[in-house]
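Listed in order, the protein sequences are those of chains P and B. Its first residue numbered 37, the first sequence is counted upward by one per residue in my numbering. Its first residue numbered 37, the second sequence is counted upward by one per residue in my numbering.
In short, the hints are calculated from the structure, not lab data. One thing to keep in mind: the hints can contain errors.
What the hints assert, rightly or not - Within a straight-line C-alpha distance of at most 25 angstroms, the following computed SDA-like cross-link-like pairs (lysine to any residue) qualify:
(1) P:Lys-82 - B:Lys-82
(2) P:Lys-404 - B:Asp-133
(3) P:Lys-260 - B:Lys-82
(4) P:Lys-196 - B:Gly-429
2 protein chains.
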Amino acid sequence: MDVELLAIGTELLLGQLVDTNTPYVAARLADVGANVFAAHTVGDNKARIAAAMRAALERADGVITTGGLGPTVDDMTRDAACEALGLESVLHQPSVDAMKAMLASMGRPERDLENNLGQAYTPVGSYVLENPNGSAPGFVAFDARGKFVASMPGVPSEMKAMLAERLIPYLRERYDLRERITTAVIHTIGIAEAEIDRRIGDLFATLENPKIAVLAHGYTCDVKVMAKAGSAAGAEALIAPVRAELEGRLEGYVYGRDAETIEGAVQRELLRRGQTIAVAESCTGGRVASGLTAAPGSSAVFVGAVVAYDNAVKRVELDVPPAVLTEHGAVSEETARAMAAGVRARLKTDVGFATTGIAGPGGGSEQKPVGLVWFALALPDGRSVAQKMNFRGDRNAVQTRASIYALGMLWKGLRL
Amino acid sequence: MDVELLAIGTELLLGQLVDTNTPYVAARLADVGANVFAAHTVGDNKARIAAAMRAALERADGVITTGGLGPTVDDMTRDAACEALGLESVLHQPSVDAMKAMLASMGRPERDLENNLGQAYTPVGSYVLENPNGSAPGFVAFDARGKFVASMPGVPSEMKAMLAERLIPYLRERYDLRERITTAVIHTIGIAEAEIDRRIGDLFATLENPKIAVLAHGYTCDVKVMAKAGSAAGAEALIAPVRAELEGRLEGYVYGRDAETIEGAVQRELLRRGQTIAVAESCTGGRVASGLTAAPGSSAVFVGAVVAYDNAVKRVELDVPPAVLTEHGAVSEETARAMAAGVRARLKTDVGFATTGIAGPGGGSEQKPVGLVWFALALPDGRSVAQKMNFRGDRNAVQTRASIYALGMLWKGLRL
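Model the full assembly from the supplied sequences, consistent with the hints where possible.
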């Protein structure tokens, strides 16, 4: 079954409200194997809503709408559906009764029904979708070819319940939807999207089920494997060999699967080794510590951190030798190594990690530009590793990117 | 000018990603008085993207797309625009140079350029949109009628900068967009939305230009004042008296205007007093320090922080007396006060601030449930202030809310 989605509401087109209904409906439809090839948003305008419905029905088996079913004059979906399908509307008595009961239960007068009665009309011949969390019904209405317009309220709690309990069961039955899409995710760090493409592009181009997609987020990159199957076991059977192949080709860069995070991967590596960590931060200002404390259970491995913004703190709390600071400067390989070693010794952990750099906008120079960050990792055997990076962007971008990079370097460095 | 928006990406139609680009672009277009009558989403399919572009150009003066400009085979927007407009594509040499410079600055080999070179192609005759936060350009390309397809990357940081600095100025010039909506924002903290409503509800109901809106974000609340005018000066003349009235009614809760942040307000208060600060964090794990180092120039007031996750760190690095920890526990008023005083003394600052609490999911008890957080502020005159809060939600929600609450308490506490 091919469907298109239509979100209705002028506030969506003014950018005053983010449309979370469309991705929600799309995800539930993907779960049952329906194809969503397009989604649209139009304002509270009957002619435009009807035109969007008709255009969608030219391309797909049906269109599923959210919003515009309320009681006010700018709620146009019902009338637009009648216009698009060439149908009259008719009063749905069970919905009138439901509204009466709801008003009574809220202690509101019967005359309030008048303002809401419009909501009880549905296009002739509709399959009515009762509203588990409200009084106004949705509907599935049909054109002469049997193509459908299914309309649900825009209030997320009402829409979600109606979708799950009424519309999805109806569509599964009518369109014999037995297959569903299961998505597995492989998380990578430290490998460019273009390099991933070079390594797995052939699978990308040839595989149909499961399909592969790559999603880049700065220093991390997700590879998604999407399988269509009639059961969870069937999906896993399709996914497993492809995931194994992909993980092989991306070896050394894969830090986790599905809901796993880079901070969780660092924590797991430390737990596996029975090691603890402490962090010394300058330019990242607490963001690496924030990352390491985000995963539940972090207190088992994370002991603490020193944010040494001022050089005096680097000297006094991290025992960075004054000579290192004066000879090499605060942003240098030597200072980074001394900070990592210092925090490891002071907080008595197995591993120490440090960042020092120039987040900007001020403080840069020709030799040490804004965006330069030194990272150092002090390992349990006394060795230390240092790296530098030049990050682009404003202060926030440099701080954020440096913190994610730090977690990636930690994850890789722990396995040295 | 009438435009339609087109978001491109299969992951959007699978519901794996919420499209925040469309509302963002829509809001910026509303600001400059452009009409957005429809928005669409299609997957990474060249024919469908091209068809959506052509259909939009039948209805509007132009279509603005986000996404699908990346370097991989599933990035189809460039080719689709050429197909929709009947144009060839051509290499844009300045973009090639920008990519080379970026690769060099990241220390990546020149051969990586090959994988990215496709991004430097734009439709013949395009107005090229340089990418302030990346290397791949966007473009505005035209059909024979002068209607346009404007394409920007899907990465929000790149899209936002390109929209503000390149596309909007271009469209304002070309379409003579003179009337614009100017939005002034009044930021409050520590006052409930319902109380704001009680204080300003009358203005809310009666004002037309400027209009007022209230937007709650947890512990902070923004009041927006939106004026429609032909010039910035005209807008300011409409806004100024209303803003003054609102700030008067909300006195004591207003920490800033427009782009100002709570962390910036704390920094300003410290600068005004010539005071420095140090922070001791337990459950917030570095998030308060992250907030205090987010604003440019923070090194003038922020000296450093100690993230004391382990109790040993509280004792050794913050001089919290062992008796306080054993008698009252790590999550207590006494420990919070001792941490604040300890970090102030150790880092030799005027002000010390501390958090200690239970972020969960583990570690809670009947007396000290998950979500309980103690805050303490050690002032220059030796006084200290302590407060406790019970935050709802999961670990991430508790950590985030506690950090924002901390900044608000700091801002208020500094003025005691």
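| request: Verify the proposed pairing of Lys-196 of chain P with Gly-429 of chain B, using a straight-line Cα cut of 25 angstroms. | output: holds (21 angstroms)
| Does Lys-82 of chain B lie within 25 angstroms of Lys-260 of chain P when you go C-alpha to C-alpha? | holds (21 angstroms)
| said: Given the hinted pair Lys-82 of chain P and Lys-82 of chain B, is their Cα-Cα distance within 25 angstroms? | reply: violated (31 angstroms)
| message | Run the distance test for Lys-404 of chain P versus Asp-133 of chain B: straight-line Cα separation, threshold 25 angstroms. | response | Since the Cα atoms of Lys-404 of chain P and Asp-133 of chain B sit roughly 23 angstroms apart, the hinted pair holds (cutoff 25 angstroms).
In this structure, only the earlier hint numbered 1 is contradicted, and the remaining ones agree with it.
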